[in-house]
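Student: Given only the sequences and the hints, what does the whole structure look like? Please build it.
Under our numbering, the very last position in the sequence shown is 176; numbers go up by exactly one each time.
Take the hints with a grain of salt, since some may be wrong.
Said to hold, decoys possible - With a cut-off of at most 30 Å between alpha-carbon atoms, the simulated DSS-like pairs for lysine-lysine come out as follows:
hint	residue 1	residue 2
1	Lys63	Lys80
2	Lys81	Lys63
3	Lys74	Lys63
Stated by the list, open to error - Pair ranges (Cβ atoms, derived):
hint	residue 1	residue 2	range
4	Gly136	Thr69	54 to 62 Å
5	Lys81	Tyr164	34 to 42 Å
6	Ser176	Asp61	49 to 57 Å
These aren't lab readings, by the way, just hints derived from the structure by calculation.
Cβ coordinates follow ideal geometry from the N, Cα and C atoms, glycine included.
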Amino acid sequence: MKLKKRMIIIAASVLTVGLVWGIAAVASGNFGTKQDPLITLSYLNETLTPELLEEFDSRADAKAAEVQTLLNQKIEELTKKIEEQEAGVYSTYSVVALDAGDTITCGVGAELMLRIGSVACTAADTPGLIDMTTGGTAENGSTLTVNHMYACTIAGHGVRASEYSMVLVRGEYTVS
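Tutor: Here you go:
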């Protein structure tokens, strides 16, 4: 009988130890899960938060690099378009019709060619316009010759029409 009692005690002890180990295994397996959402503050501060911040920083850096690359591409495209437009505007001649009294004011490097009518040079100082056809100059008030090419070397110089005129202009200019 003593032997039977001992066997029962030993079996109960083994069963109890097994049960405790089983509960501990189940509890540790569900640690921090949806069923058991509790975690320790030290785990949160020392492990989880640094991992999350590192992941966030790496993703943010990758996205920032991607955005920077796209931004640089767009800047290059727009710069190229602007250069092409400016080159297109200044590399071709514009036909400008002037009524009597209208004035074309030129930027530096603008070119003019009188096609029809009569225009006179408007310049505050010398040289007014450079006659590239003859190599001479057109001073303030002098009449331009039809089909001669003139260059403006000083900003603000230009021509004033004394009658209806047509002028080819290449470069920067304004009409008033």
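Student: Taking the hints in turn, state whether each one holds.
Tutor: Status of the hints after comparison with the structure:
1. Using a Cα cut-off of 30 Å, the hinted pair Lys63 and Lys80 holds, with the two alpha carbons roughly 26 Å apart.
2. Distance hint between Lys81 and Lys63 is fulfilled; the C-alpha atoms sit about 27 Å from each other, no more than 30 Å.
3. Between the alpha carbons of Lys74 and Lys63 the distance comes to roughly 17 Å, so the proposed pair stays at or under 30 Å and holds.
4. Distance hint check for Gly136 and Thr69: the Cβ-Cβ separation is about 55 Å, which falls inside the suggested range of 54 to 62 Å.
5. Remark: the range hint 34 to 42 Å for Lys81 to Tyr164 is upheld by a beta-carbon distance near 36 Å.
6. Range check, Ser176 to Asp61: about 54 Å between beta-carbon atoms, so the 49 to 57 Å window is met.
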